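Trainee: Sequence order for the protein chains is A and B.
Quick note: the first sequence uses this note's numbering, first residue 8, plus one each step.
Quick note: the second sequence uses this note's numbering, first residue 8, plus one each step.
Please note: incorrect hints may appear among the correct ones.
Any copy will do: because identical chains look the same in the list, a pair fits if it lies in one copy or spans two.
[To be verified] With a Cα cut of at most 20 Å, we get these calculated SDA-like pairs of lysine to any residue: (1) K77 - P271; (2) K222 - M276; (3) K302 - G340; (4) K141 - E117; (5) K302 - R352.
Keep in mind the hints are simulated off the structure, nothing from the lab.
These numbers come from a predicted model, not from an experiment.
There are 2 protein chains.
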Amino acid sequence: MAVEQSGRRLAILTEGHTEPVTGKTASSVLRYRPEEVVALIDGTQAGRTAHELLGVGGETPIVATLAECKGANALMIGIAPSGGRIPPAWKAIILDALNQGMDVVSGLHEFISNDPAFVAAAAKSGATITDVRKNNENEVAHRLNIREECLRIHTVGQDCCVGKMLAAIELTNAMKARGHDAKFVASGQTGIMIEGDGVPIDCVVADFVNGAIEKQILAHQHHEMLFIEGQGSLAHPKYSAVTLGLLHGCAPHGMIMCYEAARPATHGMEYVPLTSLAKLVEVYEVMANLMGPSKVIGVAMNSRRLDDDQAEVEREKVRAELGLPVCDVIRHGSDELVEAVLAMRPQLVAR
Amino acid sequence: MAVEQSGRRLAILTEGHTEPVTGKTASSVLRYRPEEVVALIDGTQAGRTAHELLGVGGETPIVATLAECKGANALMIGIAPSGGRIPPAWKAIILDALNQGMDVVSGLHEFISNDPAFVAAAAKSGATITDVRKNNENEVAHRLNIREECLRIHTVGQDCCVGKMLAAIELTNAMKARGHDAKFVASGQTGIMIEGDGVPIDCVVADFVNGAIEKQILAHQHHEMLFIEGQGSLAHPKYSAVTLGLLHGCAPHGMIMCYEAARPATHGMEYVPLTSLAKLVEVYEVMANLMGPSKVIGVAMNSRRLDDDQAEVEREKVRAELGLPVCDVIRHGSDELVEAVLAMRPQLVAR
């Protein structure tokens with residue numbers, strides 16, 4: 008999956024969801040590609056700024072209508088709801104954009120390009136429709152021709168929406184800043200929208216999940232190191248199939264455990280308690296080691312619910328409990344995790 | 008997925024693959040629905056009988072051409088190759104069948120109904136095309152409204168093609184023979200062809216794998232007990248995503264571990280060693296217990312590579328090693344496993 012990014016000026020639709028969790032596509036694009044974003048569209052929050060609601064995006068305005076997004080040439084769907092359907096109220100806005108010749112980029116499971124009205128509007132105006140999750144992956148994994156000298160680090164998690172993509176991107180960028188040849192391997196719609204390539208793994212036919220991420224590894228293993236975005240959790244009742252396919256398909260040398268501090272229960276399933284981090288370290292290592300030697304080498308803590316003091320207490324608690332480096336890559340920077348990754352390389356050479 | 012079965016008289020295409028592993032669709036339909044099978048089509052084995060090559064199906068003839076399948080009104084594709092493509096040489100036979108008005112039933116990943124030539128031929132002759140793997144599953148799992156009094160037993164395995172479907176069907180039939188209200192829940196194309204319903208889980212979009220099998224559980228939990236067909240293995244490099252989605256989506260109370268004695272390596276990946284049964288018992292229990300209390304309660308040994316004496320030695324060895332009942336459900340019957348399943352019910356009531 009490749010997404011055209013040059014010359015893009017985005018209006019991002021987040022109607023009723025301009026908040027960090029459901030609106031994570033919007034907040035992530037604002038964080039990593041802010042120069043492309045003209046405005047967010049959310050009639051319930053018009054007049055406010057992206058920074059006020061999402062903590063990123065600075066003065067990027069929130070407006071009520073598409074007409075107010077002056078200069079935008081593309082509409083991006085900025086939410087990723089469970090199940091991935093197009094909210095019915097948004098259909099008129101999408102149609103309006105296509106009629107005006109604005110390209111539409113969507114990461115929903117329900118494809119824009121499957122609706123004849125949208126396709127007809129795009130054909131008439133010359134707009135393009137990019138359904139980031141649309142794919143035709145049809146290869147099983149083979150576990151052949153893998154270059155073991157390319158270090159593979161996989162961000163895994165306790166739950167959905169805890170910061171696996173963010174940790175992988177931050178580590179990639181930190182490694183690049185230190186002069187390393189690092190590449191972010193996106194496995195979700197938001198990551199693909201940011202990186203411009205990757206595989207929408209949760210939308211691949213089940214038999215080909217392991218193979219689809221293996222194909223990404225084969226395509227990018229000429230780099231020195233890959234940071235492969237994880238999805239869901241091995242303990243997630245809805246998405247564990249996706250998580251294990253990713254884990255086995257990329258067969259990481261090292262894993263970064265991602266979680267959100269003070270999250271009370273499974274995201275979107277408040278009746279499902281979270282599995283403890285200590286148990287999950289065991290579970291991920293047991294499963295990863297079925298493919299090859301692998302261990303959890305650090306923890307990326309998402310501390311957005313905590314203040315600085317609380318975050319420090321939590322960080323020390325988890326460090327002591329797991330005996331691993333712990334940091335919030337946004338609050339603390341990623342240095343501790345960078346060191347943990349770099350420490351893996353001699354072992355790799357010795358394998 | 009539902010498959011029409013009444014009045015069906017099948018020609019089964021197994022060209023070049025009339026053997027138990029790749030031809031498992033053929034051999035399984037012959038085992039459980041022999042009265043429907045007119046002949047197998049395999050020019051490389053014409054003149055022999057099904058029993059000689061597959062060990063089932065008695066005197067069912069193997070013929071060279073479709074024209075020799077007198078009285079057949081449907082053509083079934085009898086193989087399930089890795090990747091699931093239509094072998095190019097078979098296209099003429101499929102087209103010939105459709106032109107004659109014979110229905111076509113296929114479990115391949117590559118859909119017969121996606122080829123305009125096949126669709127046109129069927130439309131002209133009035134034949135139907137049933138792609139058993141075609142599905143539109145689009146619901147995530149919820150873990151709500153599950154009737155815990157319905158006993159859920161899941162057949163899991165060391166590898167592909169070891170007898171997980173067979174064990175589930177044999178246990179279902181043995182329970183029915185004892186007067187229990189048991190139902191086989193098919194999760195693969197062959198199981199669906201035999202049972203007439205189920206879900207082709209390996210062809211479901213990854214996000215909906217757990218949900219698709221949960222939907223089957225919700226649909227059938229009015230029965231006393233369900234035997235849910237497993238797929239692949241948690242240690243399989245290609246298919247582990249499918250396996251975990253099934254395991255978590257059906258959240259079994261008990262698991263039957265299935266393996267083939269004396270198999271030298273992973274099926275179709277001879278460079279991948281098999282994970283030991285003892286390790287796999289640990290792995291399946293760790294993963295199943297993330298959803299609820301569950302344990303491996305017995306072992307279904309596929310001893311087709313062994314003679315009676317060897318099978319007895321192997322059975323005793325595995326019994327001693329794992330401390331579990333062990334039987335080959337074909338060679339020994341399933342009584343030991345039936346007892347192990349029935350022994351679970353008091354615990355269930357006490358939960």
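Trainee: So, for every hint listed, does it hold in this structure?
Mentor: Outcome of the hint check:
no., hint, verdict
1, K77 - P271, "neither (41 Å within a copy, 66 Å between copies)"
2, K222 - M276, "between (32 Å within a copy, 17 Å between copies)"
3, K302 - G340, "neither (22 Å within a copy, 43 Å between copies)"
4, K141 - E117, "both (9 Å within a copy, 18 Å between copies)"
5, K302 - R352, "within (13 Å within a copy, 39 Å between copies)"
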